[in-house]
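Visitor: Given next are the chains, with one letter for each unit.
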Amino acid sequence: MPLNRDWIGRVAPKGDPVDVTRNDIRRFATAIGDQNPAYHDLQAARELGYTDLIAPPTFLIAASTGGGSGGFIHDPDLGLNYAMVVHGEEKFDFVRPVQAGDVLEMVQRVENIQAKGSNELLTLVTEVTSNGEPVATVTNTIVSRGTA
Amino acid sequence: MPSSIPTYADVSVGTEIPAQEFTLQRADLVKYAGASGDFNVIHWNERVAKSVGLPNVIAHGMLTMATAGRVVTDWVGDPGRVVSYGVRFSRPVVVEDDDKGATLVVSGIVEEKNEDGTVSIALTATVGENKVLMGAKAVVRLA
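One line per chain: the protein sequences are R and P, in this order. For the first sequence, our numbering assigns the number 161 to the last residue and increments by one with no breaks. For the second sequence, our numbering assigns the number 130 to the last residue and increments by one with no breaks.
Simulated from the structure, these hints should not be mistaken for laboratory data. Idealized CB from N, CA, C, for every residue including glycine. It cannot be assumed that every hint is accurate.
[Said to hold, decoys possible] When the alpha-carbon atoms are kept at most 27 Å apart in a straight line, the in silico BS3-like pairs for lysine-lysine are as follows:
1) P/Lys18 to R/Lys129
2) R/Lys104 to P/Lys118
3) P/Lys100 to P/Lys18
4) P/Lys100 to P/Lys118
5) R/Lys104 to P/Lys100
6) P/Lys100 to R/Lys129
7) P/Lys87 to P/Lys118
8) R/Lys104 to R/Lys129
9) P/Lys100 to P/Lys124
10) P/Lys124 to R/Lys129
11) R/Lys27 to P/Lys87
12) P/Lys37 to P/Lys87
13) P/Lys124 to P/Lys18
14) P/Lys87 to P/Lys100
15) P/Lys18 to R/Lys104
16) R/Lys104 to R/Lys27
17) P/Lys100 to P/Lys37
18) P/Lys37 to P/Lys118
[Unchecked claim] From the derived model, a few chain R residues whose C-beta atoms are all more than 12 Å from chain P:
19) Pro15
20) Ala25
21) Glu60
22) Leu91
23) Gly130
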C-alpha cells in the first residue's frame, strides 16, 4: 500500500536535546575501527584548532537514534512497513564538525515521498543545531520496497 | 594520519587516494550496533536475515559508509575538514559467520577542484567484484 502523501512536509515533534560526550565519540570511533587522534586525544584535537574532541562524519546517525524523534516515521498513518524498508541514500552536509560538549537539537521533516518503479522513496531531512547554531544537515532516503 | 597532509595546491583533478582494505566481521557488526543504537536483527541474526530473503547477516549500511569515509579522513588528516559526505547503498555487504568476514576495498580520486578551496572526491567501495556504494562523494576543505 502506498505511503500517505499527506506526510510530505510534515515535521517531527521535537525530541530531547542530545548531549555529545567524549566517551560517545570515542566509543563510536572505536566501533568503526578509526583511531584518528582527533576522535580520541584531546590534545591532538586542540592542536587542530578544536576546543574538544570532534566526531567522525557519520556520528550524527548515532546521535539521531537517541534523539527522541526516531518514532516519527513509525506512525501507522504514514503506512511504512519497516520489514520492507532498505536504506537508499545518506548525506551529511556540515557547517562544522560535531564536537564533544555539543547539545544537539534535531528537527526532522519529510522532504518528499515519490514512486520509483515498484518502490517508493521517502526522503527525510534533519537540521542539526547546537545551542541554536547550525551544525549540519542530514539527508536520508529510505526505500519502501514494492509499495508504489 | 599521513605524514604529509595534502594542500589545495598539491592536488589536481585525477589525484588518487590510495586504496585501503578493511575487514568486517560479525564482532564489528555487534560493536557498531551498540555504538550506533541500530539493533535491526538483520545485522546480527542469521536466522532472521535469511527469513527475509538475505543470503546471510548484512553489515549496517552506515558502517560501510563510515568505513569508506576513513579513506578520506586518513588522507586529509583532520576529519573536521569534511564539508559533505554522501553515498547511495547499491548492494548489501554480506558477513558470513567465519574468521574472514567481508573484505571492503575503498579508493578515491579527486574529481573536481572547487573555487572555494574545497575538492570533491569520488570514492569506490567494493567487496569482491561488486560495488557496494554508488555515487559516493566527499567534499573536503584543504589547507
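Visitor: Tell me, in ascending order, the numbers of any earlier hints that this structure violates.
Guide: 1, 3, 6, 11, 14, 17 and 21
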